[in-house]
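Based on the provided sequences and hints, a complete structural model is requested.
As a plain string of letters, each chain reads:
Protein chains: 2
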Amino acid sequence: MAYFPAPLENLIDCFAALPGIGKKSAQRLAFHVLSLPEGRAEAFAAAIMEAKSSVHTCPVCQNLTDGERCAICEDDRRDSTLICVVAEPRDVLSFERAREFGGVYHVLHGVMSPMNRIGPDDLKISELVERIAGGQVREVIMATNPDTEGDTTAMYIWRLLKPFGVKVTRLAYGVPVGANLEYADEATLARALEGRREM
Amino acid sequence: MAYFPAPLENLIDCFAALPGIGKKSAQRLAFHVLSLPEGRAEAFAAAIMEAKSSVHTCPVCQNLTDGERCAICEDDRRDSTLICVVAEPRDVLSFERAREFGGVYHVLHGVMSPMNRIGPDDLKISELVERIAGGQVREVIMATNPDTEGDTTAMYIWRLLKPFGVKVTRLAYGVPVGANLEYADEATLARALEGRREM
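Protein chains in written order, with the working numbering: chain A, 1 to 199; chain B, 200 to 398.
Hints are computed from structural coordinates only; laboratory data are not their basis.
Treat the hints with caution; some may be incorrect.
[Said to hold, decoys possible] Computed list of chain A residues with no C-beta within reach of chain B, every gap over 10 angstroms:
#, residue
1, Ala41
2, Thr81
3, Ala87
4, Glu100
5, Val168
[Unchecked claim] Computed, partial: chain B to chain A, Cβ under 10 angstroms:
#, residue
6, Asn209
7, Phe214
8, Phe230
9, Ala240
10, Ala244
11, Glu249
12, Ser253
13, Asn262
14, Glu295
15, Arg296
Please read these numbers as outputs of a predicted model, since none were measured by experiment.
We put the CB at the ideal spot given by N, CA and C, even for glycine.
Right, dumping it as structure tokens:
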């Protein structure tokens, strides 16, 4: 027998189905929603429906947008001959925060991962190849995470793009800015040495 | 400039407004909702609306219910002359799980807390007094948490109920079942000694 009313149990289950939310947290969140003023709870429900219905991928770069194309692809000041390939929409945000990159993006929506049965066809790779085939792109920067899956994905795409003769680069490996060398791992230090540059 | 589309930012803000959810978690949750199949996201939004509109407090015990009165107050087999006073609806669930209590409940929806500016008028205390004034109740068990705020609230209600001549009891303090005495705090041990009973 459930002791909470059914609609409340249902809401708790919805929250508990979200990643990283356990049963106790789900209860706390559901109680919080019940305690919200009427308008705020409605706004929450509406936000879910609105985001779900209006947010889709940009037909050019596959980033999330609610317009026809995303704000970056629409921006004439961005260099569309330079494409930064990232795994997730939030990675675009990280690069934009760094304010260093003037090109455009391509969002793969994941990385290849045999463990999770994610192959090239589950990612937006054919869309990238199509952009390169257009012939207007001079450089593709592979900016997937510097881990096994990110490296594998970058390598796979690099091989695919080879026939087009486009320059493909990978983000530099090295010690992070502000890091303490004492705590840097061996692999990172080895890559930092390998990639050393003249001062 | 927000780099996520506005409806997505809006959904992230909704999640971030929930207790214990930070900005990063809110992003992860919002992305998860976007990735849900259409029906599931709709069901989530509907669950919020449904819980908010159909769940209300039982006019007798103030517990949450979607019926006219709650299932426990409706149950003829429960002893309505014995009232267990708890702070929150989830405390009712804890007692019901213990399967020891055959009486009914009264949910205060909080405890008195000068720090958070919660006074007696913010709680369902007058509703409790009204139930006692009916004259049918023989015992009130104060089952607020064994902390300062819970104790203060229990004491306040005890004083209010005195004129009615009803028996008011407090949950026993002591060492929790299965606990290791080595790690029990002094206050708990002192209360456990004070409340010792003949074997």
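Subject >> Status of the Glu249 (chain B) interface restraint (C-beta, 10 angstroms, chain A) >> reply: With Cβ-Cβ at 5 angstroms, under 10 angstroms, it holds.
Original post:
Going by Cβ atoms, does Val168 (chain A) stay more than 10 angstroms from chain B at every point?
Top reply: 25 angstroms, holds
**OP:** With 10 angstroms as the threshold, tell me whether Glu100 (chain A) passes as away from chain B on beta-carbon distances.
**Re:** 14 angstroms, holds
**OP:** Report holds or violated for the interface hint on Phe230 (chain B), using the least CB-CB distance to chain A and a cut-off of 10 angstroms.
**Re:** With Cβ-Cβ at 7 angstroms, under 10 angstroms, it holds.
Original post:
Holds or violated: is the Cβ of Ala244 (chain B) closer than 10 angstroms to a Cβ in chain A?
Top reply: Nearest chain A Cβ about 4 angstroms off; hint holds.
Subject >> chain B versus Thr81 (chain A) - minimum CB to CB distance exceeding 10 angstroms, so not interface >> reply: Label holds. Min Cβ-Cβ 21 angstroms, cutoff 10 angstroms.
Subject >> Restraint check, 10 angstroms cut-off on beta carbons, for Arg296 (chain B) near chain A >> reply: Since the shortest Cβ distance to chain A is 8 angstroms, the answer is holds.
Original post:
Close enough to count: is the Cβ of Asn262 (chain B) nearer than 10 angstroms to one in chain A?
Top reply: 9 angstroms, holds
Original post:
Hey, does Ala41 (chain A) actually stay past 10 angstroms from chain B on C-beta?
Top reply: 4 angstroms, violated
Subject >> Hint validity - Ala240 (chain B) Cβ closer than 10 angstroms to any chain A Cβ >> reply: With a closest approach of 4 angstroms, the Ala240 (chain B) hint holds.
Original post:
Is the hint on Glu295 (chain B) kept, meaning its closest Cβ partner in chain A is under 10 angstroms away?
Top reply: Hint holds; Glu295 (chain B) Cβ to chain A Cβ min 5 angstroms, cut 10 angstroms.
Original post:
When you look at the beta carbon of Ala87 (chain A), is every beta carbon of chain B farther off than 10 angstroms?
Top reply: 12 angstroms, holds
Checked against the numbered hints given earlier, the structure breaks only hint 1 and satisfies all the rest.
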